[in-house]
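Trainee: Here is what each chain is made of, one letter per residue.
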Amino acid sequence: MKALFYPGCSMQRNARPYLDSLLAIRADIGLELQEIDDWNCCGATEYMSVHRVAAHSLIGRNLALAQAQAVDTDVLTAGCSACFLNLSKTDTQMREDAKLNGTVNEALAAGGLHYDAGSLKVRHLLDLVCHDIGYDAVKARVVKPLYGLKVAAYYGCQVVRPDYDGRWDSHEHPTAMDTLLRALGAEVVDWSLKTQCCGGHMSVIGPEVAFGLIRRLIHGAAEAGADMVVTLCPMCQLNLDAYQVEMNKHFHTDYRVPVLYFTQLMGLAFGKSAKELGIGKEFVDATPALAKIQAEAPKVAEAKRRRRPKPGDGLPMPRME
Amino acid sequence: MTAATISGPKDFLSEVMAATPGDNRLNHCIQCGSCGGSCPSGAEMEHTPRRLFALIRAGERKTVLMSNAPWYCVSCYYCTVRCPQNIHITDVMYTLKAMAIQAGLYHDTSLPDFSETFVDYVEKYGRSFELGLATRFNLRHHPLSLAGMAPLGLNMLKRGRIDLTPHRIEGMAQLSAILERAKSLEGVLA
Amino acid sequence: MTDQFEPVIIGFTCNWCSYRAADLAGTARIKYPPNVRLIRLMCSGRLDPTFVLKALSEGADGVLIAGCHPGECHYLEQNYKALRRHRLMQRTLAQFGIEPERVRLTWASAAEGAKFAEDITEMVEQVRKLGPLNWPANLPTKPVPVGMVAAEIPVLSEEVA
Amino acid sequence: MKPKFAMYWAAACGGCEIAVLNIDEKVLDLDANFEVAFWPAAMDVKYKEVEAMEDESILVTLFNGGIRTDENEHMAKLLRRKSKLLVAFGSCANEGCIPGLANLGTRESIFDCAFDNPSTENPAHLRPQIACQVPEGVLTLPPLQAVVRTLDQVVEVDYHVPGCPPESHQIAAVLDVLIAVVKGEAELPPKGAVLGAGDTSVCDECPRSRDVKHIDKLSRIQELPVLDTEVCLLEQGLMCSGPATRSGCNSRCPNVGAPCIGCYGAAPGVLDQGARLMAAIASVIDAKEPEAIDRVLDGLPDPAGTFYRFSLAHSLLRANRAALAEQE
Amino acid sequence: MTDKTQQERAGEERIGVYVCHCGSNIAGVVNVEAVAKFAAEDLKDRGVVLARDYTFMCSVAGQELIEQDIHEQGLTRVVVAACSPHLHEKTFRNVCERSGINPYLSEMASIREHVAWVHTDKAAATAKAKAIVNGAVERVLKNEPLEAIRVPIDAATLVVGGGIAGLQAALEVAEAGYDVYLIEREASLGGHMAQFDKTFPTLDCAACILTPKMAAVGSHARIHLFTWSEVEKVEGFVGNYTVTVKKKPRYVDEDVCTGCGICVEKCPVMVVDENFEAGIGYRKAIYWPFAQAVPNLPVLDPDTCTYFIGGKGGCKACEIFCPTVPNSILFDQKEERVSLKVGNIILATGWDLFNARRIPQYGYGRLANVFTSLELERMCNAAGPTSGRVVLRDGQTAPKAVGIVHCVGSRDRNYNGYCSAICCMQSLKLAHLVKERTGAEVYNFYIDIRTPGKEYDEFYLRVMDEGVHFVRGKVAEVSDVPIAPSEEGGKLYVQVEDTLAGLQRRIPVDMVVLSAGLEPRHDSAEVGKTFGIACSTNGWFIEKHAKMDPIATMTEGVFVAGCAQGPKDIPASVSQGAAAAARVLSHIRQGELALEPIRASVLEEQCSGCRICNGLCPFNAISFVAERKVSEINAALCQGCGTCVAACPAGAIQGSGFSNEQVLAQIEGLLRDVAQPVTREPVTA
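Chains as they are written, first to last, in the working numbering: chain P, 1 to 321; chain H, 1 to 190; chain F, 1 to 161; chain X, 1 to 328; chain D, 1 to 685.
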């Protein structure tokens, strides 16, 4: 499939491995990306805090450029959660709020641009991979399954919330990335924190708050037995990876849970080299975790034969539908 | 003639609602606290979102705009999706931040300053500039911790994960024109 | 009142929701402009396009049709018939040169007095902007033919003949 | 002396005149019982001679055609004065018919359409003039009025014979009644009566089988590959006006697989045929969401022209607003 | 229809117009004298012979004024310009009837709700009032005298649902001496109430007060029980319904089985009982729903029975051990259909529990020790899976701290926006039971405590006295993960803003109980369709009037009782069941029913049988008579909406009370002040 691509500032630099790994795997999954020419920063969560109309106009410029440049696609994708949310938010709010729509377009007109709200479908990269390209297509490309690697799928906040277009099965416990990672052969641990906050910009402006949140996630992943955390967002990666070191200092702990992008794991399973995928640029070294990958699928204990419940057995768990 | 439902001078609640896009439903708050309970940084806030909304209703403009709460919002949107009244809480936080900056009310300038520094870079280059942002922000507000954070920056540099110079987009003039017009329209929506 | 144009609008309401919404607006003393005159039908499904045409041709500047919300019709789903008739009527009326704002369909539950009042207020303003409809009655024609000026009698030229 | 009979052709196609001739040998009965005083299509009698007649000296005038020009109006008033019984004969006189569809546009748009279209050669964009000098003197044309009006919108009408044209067997029946009255064998029908038509709608005479209706698509006849010969055309997605059209034609069109286009006008007691059709068709559209409804309605590209194909000039709205505005 | 022109009719009729002041309610804004004068003078040629204004038209004196005028002035029609017809239409119709003119020859003009109360400009309001009066005068001229439609009432009654509301209704009707058919979808009567342990606020044992009622119904000679059955089709109309009931196969011979229970004992299959035991207990493949089931007959579940699963082979233990002759186990039993004739129907179909899995942050289904309130009800019940012990999912450990979360799925626009009405009291009751049985610390997390019932708030205070903790705040999430190093593992943390303290709190507990709300039955829309009644947007059956008639529905002869109409507690359900029965008994005692004559009818001579109208009636009142090629409307089924009247392309359907002529005349009247005069050049004959 083809999509317009908004890399965003982070992917260009601090999340370069995310971009590199995406570029490395795109051909395998048949994803053609058309980068928006001369895009600008999305404003992250900061611009909106200062000027509202300007923030939407800043994002509007990207949408307008994308609309004008689009060839054979109306899908606009981004890998960064904040970039994705900003693009999606402006599109949605322009659609729902006629006044905002008019005002933003008036501002865009100053630059000779115009955006028709709703003309693009703004989608996060993971959404495209899971729901459009599909698990089967991904599975078909796996040459080196990630057998034996235990991973915690971490979605963070802004991809699954507020989820303007209803793309995910849950705002709290989504399963798409879990299924994707299983398709790669990895074992996905069950944990309760997959959409809890990584600290966001608090790591810069209020590190103590952020450290607490980072510790909870890292501790939770480790408790659940994960060898690594897999993420889909540059900010989450940065906070959990780079600030893990700072957090350890703060709490006098020594967690070493590496944090990689899902695209990097896809690349590994597709047989790409670690270097090609930007593995090695992370702060917490992923090598020990990746060494656990085995050639054979681990044996799964056979399901226990059903027997008649006896007094003293536990109460049955609720059936999940 | 207008319907009697909208009457009297604009109170603070109406003002905040008007400045927040879409059907934000702020007037429907039932004070249940699911926002405050869900907030990752709620423990650090001077007022939980719920309490801020009660204060907004009470017309306590100054208290609200001086509160650190909006600045501690990490945009995780838990409150928004969990709110039983579907109030666009995160968006309201953005509104309050913008209002606080405009009114110059928030007492600790570091948090607004972070946002404004970020905005400065974007307006100058069209892209964000992490090194500049971190350095400038920390120099101004946490000069002592700068040294402590230095290894982090160096390591970023070593791993090729940070730029030494900002990247400027080609259409800077166009972007500036758009932003300038946008700022002149800022009041239109409220 | 100033001498601004005061449109006259005929409103068709259903007995169960919208007429009661109007009652509620009254009980709640919600003010709205006095330009709408209501007719009670049992259901918006009773709305015969004939009524709309009759009203427009008899001097109304607009027609408001109000029923229960979709899915809440007291006769289960008759308001959908009103919806369908309204959409077809809009297409037809456009060919008669009647603006869509003049024939408005709205839903109001018995609890939505305020909403109904707002709908009326909004519609009155819209129709006021459009100006009077003044549908001409069946007047005798004054013969003022297009492009024909009786004073100058042209000579029939050869080539045209 | 035989009572006098007249027939006049105003804004109409002439089909009504042909239809009268189509009554075959019945026309001899007409001749046997009436003296034809005025019938421009059949014999040469000048307007002046009619003007000279005594008022009410004509027993019955069959007036076909609507009122489009000053001449039409003049003749309608003249014949009203000269006739005891004025019969609006055929769809044009009764409800405007196809010429009445021109009411959806202004005179200017009618001229533009007639004299400047892809099939005309008119580089100077000439338009007909009401008067024009020729060597022999001044030639005049009657001025076109703003809208087509029906006969009863201009003068009082005694009887109505609908149809485009009225079916010959119905004309024969009407003549039989008139002759019986002349012979003193029958009473005149009550004033305002509709003669030569049924009291129900076309479906009553239509042999096609009918069921509950759910329309999920409206098509034009050429868009349907196969047409069932037994089943109601509306149920096959064709816009058939039969349910809202007065009976009397023996469902001529549906019989041969063409939908009824409504020429006999509204069913008895109906104020506005188009409104009835709108209500009926919209009611049985099988869709609830506005978009889905619109998709079905897209199959009806010209709703006003379809629902008011014959009855526009006699409908509640009568004409496009712009055309009516010129009237004043 | 009449051939008379409006003008001719106006000449014959003598209309009285009465303009009410309603104290100052109307007169304060509308110049009532001017309106009366307008009617008297300007509408003289429309048949108005007198017009009066009076302080209170609805007062006895006001009514007498009209009566007197009818007698002395020979009025033939009456227009009252006053409040909304929804208030006093009946009043003035009665005045007409008393005075000898047909009640439907009166008309109300609403100049209070629609004029005086909503406008401030007196001149404009007066002008509008005149227009409305003008419309009413034109309309009343077209009104036809109408007579109520009378239908005989079959005394047999159908009650759908054997929960507490249905049981009450069935008993009341049967006790009055009439036959009742009681249809229950499950295998036993009892409904949700049978699952409970204690009932609030008195803490009566639910079984102790319910089972005698079940037994009374089960043994009542007048009550014909159809359990394990569903209503499939309803035809006919009030007084004369034909109901088709589907009896699902029980695979047990109802006439032979003695209910000895040997089959259940011998059945080797044990499965989780998702139904009665709310998923925390077990049952056999052949089972009783519960010990006191009425009727006392087991039911075999073919989806779990070894014999059925194996393609009808193997096991058959139930059949082998069945002691009756002939054998009560009927593996070949088929679905049956029974046709019943009834005059009235009471729907008491109850509620479903909100599915707590829909709120992922509360962890139900994921975190073992998160329970629903219904699970806890079963646990507390001495006959339940834990014999009344309150334990964690391991089946052993008693909790030391329990959090009860209120408003789960209720008062929340993401799920159900409404308040489920019973959860506060249920939560308080469960808090009491947990405290009583385990001594645990119990926390109630609530948004508001709603205790608006007799002795309810007293119960709240009692539970407070017992040391239960109350935290005001909607729970944000329940987590099994400690955040701070100081937090203990193995606990559930209830994260909440204590809104009264203004603090974010994380309270460690062993067990979380979710007070799940009440939802309409999952198939309420289909059931509503079967019975010709509508559901609100929330899915509850819509009553005829929210306040004045919460028991009847828009379909005559169909009544609602209990939670099918909306969430309510046991006393309210019992009351509504009894009330529905009273309404039915009133119908039965009247013998026949007078229905409002606002109906559609087909003028057969004008109907050409096009069948446009045939699919339009949701009440199936329109049928096609093939022999005569015309459509026909059953007046008793018709509810008078008029959709078919509007849709008939030939104008062959008449709507009494809201005829084309009436509405068109009203439009003319309403617009007389702005209409352009229709002029036709005089024809000189």
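By construction, these hints were calculated from the structure, which means they are not laboratory data.
You may find that some hints are simply not true.
[Stated by the list, open to error] Label-pair distances were calculated between CB atoms; the ranges are:
id	chain 1	residue 1	chain 2	residue 2	range
1	X	P40	D	E147	54 to 64 Å
2	D	R357	P	E96	49 to 59 Å
3	P	D165	F	A111	44 to 54 Å
4	F	N134	X	D55	30 to 40 Å
5	P	P288	H	K62	30 to 40 Å
6	F	K129	X	D55	32 to 42 Å
Ideal Cβ placement from N, Cα and C applies to all residues, glycine included.
Trainee: With reference to the structure, classify each hint as holding or not holding.
Mentor: Verification of the hints:
no. : hint                        : result
1   : X:P40 - D:E147: 54 to 64 Å  : holds, 58 Å
2   : D:R357 - P:E96: 49 to 59 Å  : violated, 30 Å
3   : P:D165 - F:A111: 44 to 54 Å : violated, 31 Å
4   : F:N134 - X:D55: 30 to 40 Å  : holds, 38 Å
5   : P:P288 - H:K62: 30 to 40 Å  : violated, 54 Å
6   : F:K129 - X:D55: 32 to 42 Å  : violated, 53 Å
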